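Chains B and Z, in that order, are what the protein sequence lines are. FYI, in this note's numbering the residues of the first sequence are 2 to 186. FYI, in this note's numbering the residues of the second sequence are 714 to 1680.
Everything labelled a hint here was simulated from the structure, so no lab data went into it. Values in this document were obtained by computation on a predicted structure and should not be read as measured data. Each residue gets a CB set at the ideal place from its N, CA and C atoms; glycine is no exception. Incorrect hints may appear among the rest.
Said to hold, decoys possible - Derived coverage of chain B by chain Z (criterion: at least 3 residues anywhere in the stretch with Cβ under 8 Å from a Cβ of chain Z; other residues may be distant): (1) 102 to 113; (2) 133 to 145; (3) 155 to 165.
Read off the chains here:
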Amino acid sequence: MDEISLEAAPVLGGASLELSGNRIVERDDLAIVSIATPLGGEDALTEALRNEWPLDVPEPTRSSLSGEVRAVRTAPDQMMLIFPHATPDAEAVVQERLGGTGYTTDQTDGWIVLEVAGPDTLSALERICPLDLPSFEIGGTGRTVMEHMGAMAVRTGEDAFLLLSASSSAASFLHAVETSYRYVT
Amino acid sequence: MTQAMRIDGGMVDRSRTLSFSWNGRWMTGYHGDTLASALLANGERLVGRSFKYHRPRGIFASGSEEPNALVQLREGAAQEPNTRATTIELFEGLNAASQNHRGPLAFDLMAANDLLSPFLSAGFYYKTFMWPKAFWERLYEPLIRASAGLGRLPMQPDPDVYDHGFLHCDLLVIGAGPTGLSAALAAARSGLRVILADEDFVPGGRLNAETHEVDEQSGADWAAAVTAELAASDNARLMTRTTVYGAFDHGIYGALERRTDHLADAGGKPRQVLWRIYTRRALLSAGATERSMAFGNNDRPGVMLAGAVRTYVNRFGVAPGRKVAVFTNNDDGLRTAEDLGEKGIEVAAVIDARKGDFVMDTIGRSGIRAVRLGDGRRVEADCLAVSGGWSPNVHLTCHHRGRPVWDADVVGFVPGGELPSGMSVAGAANGTMTLAAAIREGHGAAVGIAGDLGAERSPGTPAKAADESFAAAPFWQVAGLRKRAWVDLQNDVTTKDVRQSHQEGFRSVEHLKRYTTLGMATDQGRTANVLGLALMADAAGKSIEETGTTIFRPPYTPVAIGAFAGRARGKHFRPHRLTPSHKWAEENGADFVEAGMWLRAQWFKRPGEKGWRDSVDREASRVRKSVGICDVTTLGKIDIQGRDAAEFLNRVYANAFLKLPVGKVRYGLMLREDGICYDDGTTARLSESHFVMTTTTANAVLVFRNLEFARQCLWPDLDVHLISTTDGWAQFAVAGPKSRALLSKVVDDLDLSNDAFPFMACAECSVFGGTPARLFRISFSGELAYEIAVPARYGDSMMRALMKAGEEFDAVPYGTEALGVLRIEKGHVAGNEITGQTTARMLGLRGMVSRSKDAIGLKLSERDAMNEDDGMRLAGFRPVDRSVILTAGAHFLNPGDSADMAHDQGWMTSVAYSPELGMSVGLGFLKRGTDRIGETIRAYSPVRDQDVIVEVCSPHHVDPDGVRQRG
């Protein structure tokens, strides 16, 4: 079947909205790979991350950044690397650099990443996000539920966040975020 | 009418005149007015009718405690009944109408009830409407329903939008009167994150209604200055029009912010926002509410709380009357006379109960004209300002069942018992009834909290003010009362009702409340409760302390149901999860069904098909004859990795997993701790340390949570790691005899022959020239079948490509209904059978439950009761009359037995019309079912009025030997 090849499509078609000076953008250029720390393998993984990127293993509720590669702590013994990468081989690329020091799973297609920014961002997000986002330092992260959807927030700037939620409910998630901005602007 | 009662002064903006409509008449008021103050400015004394007796009623208070002035606000679908005129901010074009009357307000036909009042006393409805029985539902109930309630709902969907939100702070200050302002200022200066919430639209509380001085300026000016400082502070949030309505667990408070209620047009923004406030500490500074005293006809329009009279005069520049009499039992009431005098309003008399004077009766019809004193004197007055003392607003202190205690000095209940964790109380709410003391107490409370929380900046010093005299004496009802005297204006509870409640044995305060309805409805008895309790104590010959008090629960003031719903309405009631092929399915005639939050295609309608059965029969037939494609992305997928992953799986599945070879899939059954089955699925081994588990759609989250619990808490010594990949892979079942031929065109470089890739094989591979994929040879339909997964970003493209590649095989997409038909034909169990009440033995899966290892649920699955030989067993069922359509839920009975539980033999769990067999087939649980194949029994469904003879057979209606799926 050489005549057929598959095309990748962003979940929300590459959504990009401008709302009274605020932006909501679907970051479909980012890959996400989870890394689980093998039992007893903390040091080896820490070293591999430092040598290869270099990245620190983020503490709970924190992320670390190296260039455009961000490591976000997501669970006990688990972090996610979020980085620009277009092809569906992100997991293999990360695993190659880790050299078996961590268990990797490709999470790119499981999540929608919305980049939200603008002066009304905190006011908008307080309508749907139970986390205390104003108290987040830049780089701070948290997992929560917004409008019944599991979600993650990473503060990337004074009034900018990456919001992650399940890709299957991406349309509902975008609607929730967009509605919040519309209600406060 | 031109605001005939408007006087100088106040905080209204006279440069901004607003027009509003009251009962169809246009009037004017000013920006800064409430509807109540504007109505009074226009001389409107009669504003409503009472609940039971339809007595004329006027504005009684000036805040959310108002019992009388309930109005129907706005028009059309946006109408809201029972809104308090005293809390409605006036806006241009406001439209309000009085309620609870038939005919014009001034000539209410229902006023006849007042003449019948001797028959309508407390509990009358418990003693009447008893016979004849036939009248209960046909006459009495409609009659009572028509009379009950106050306003009228518009009976149309609410056109407004509402929202929710979440806030966090160190200190929540509830009430922005002098105490709250003083506390919030100190806390903000200390560096705490403070939220100051107040239900009014102007902060200041009583400071705006009195003539006190604070820090050598008027109280109102001081309040404005503090408000400005808080507004400029980075760490303070001032929320006006916001009622903190409830104290919940763990420092969470509920608050309702009225965002656009004061605007003629909300501009599409939420009308109200329901906030969940997370706070480390809370300070209740909600002030106090004035109450009345019991004297004859004390409910007439013109009888008003003295504090409210001062509010209208001082804050709104409105005279509630031209000649005002004052009746008080405390010094606070006396200040009313002074303030009225200052404004040039005639004070007809000051009647001080502490001197033995009292009002015996009022005279007038739709408003008072005069009062009759205890000594017989008649005093002409069109307004009577009454102060029976102040009751601290302790409501939120009761929300965790704290019980207020009587304070004889305050002559009221003050906070008592256990307060909600982290809450403290200051000011009048705490029984600190004078200004300077309240300001100091608020400040001190904030300083203490700031110290506890480690704040380091200076809180400053408390504002200076004088303490006014506060000498209250208990005085509840006048002696020798001959006329009716009201205790609870909103529920038409009179002193006689309270006495009657006592006489009839309803003596506990809780019984008093239920029997008389004292303290119910929108005002929750804010102006009535203490008076009612005092009268009950009097009737019982006990002290108020001994009599006790009812307590309060949320909400403090009414909250619209729409606000609780927030955005969750219509199609946004819950989020939707869409499969990767959703768009393709929409384009191809799919009919969707909600499965949890998922929208799944249940069938694909083709031209000429008249009903769903046509579509489903066609899809199921095509799968059996050729090949079908079904999006099964919704099944839970869990990535399991680690050195001990195989051991972990061996402990969570009832069957063995330790030795599952790489490249193989195994069907697994999970038990709960109690040995009952709760989920099934397949798990594939991709490498020594890497497995992919699938779960049922419904249990994906539950299984993940249970596995995570097992990993973290039961066996932290195992090296095993979990992450959900449900949404990450678009997965399609490709089923039917032509599935191998179809996939051979799709999959790159993988030998799909039965030898190379047999039943229950799996592989990581690629499709269509390089797209990564996973292939599993598993079958839910019983046919030769596969599931193929690609990263979800390719899902839409993959569905289109599969259909294109399948054209030569006449491939069909099939939905969940055909999926169900195929699995019922095959006898595969699903949610209808794995109900959380069934065992492996019942399901015919006893052989899967290993006896050579330990796993969750194994021990308890060995209990005798779960292993009885005559227990329920899964079996198949077919109608003897092949034309009959079976119904799920039918119960089995032996022929000749009566249809009752004693003779129940089991029940039908799943049925489907089998196009393969040309008849309706079923699965079900039957006592000793596996031993009864060939018997005929009754399938009896009284719900559907069906009683049919069915033949017991193997549950595997199609291909019982499994030849097809292994082919």
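Hints versus structure:
1. Counting residues of the stretch 102 to 113 of chain B whose beta-carbon sits less than 8 Å from any beta-carbon of chain Z gives 8, enough to reach three: the coverage restraint holds.
2. With a cut-off of 8 Å between beta carbons, the stretch 133 to 145 of chain B has 3 residues touching chain Z; three or more are needed, and the interface restraint holds.
3. Coverage of a stretch by a chain is defined here by at least three residues with a beta carbon nearer than 8 Å to that chain's beta carbons; for the stretch 155 to 165 of chain B and chain Z the count is 0, and the condition is violated.
In terms of the numbered hints stated before, the structure departs from hint 3 and from no other.
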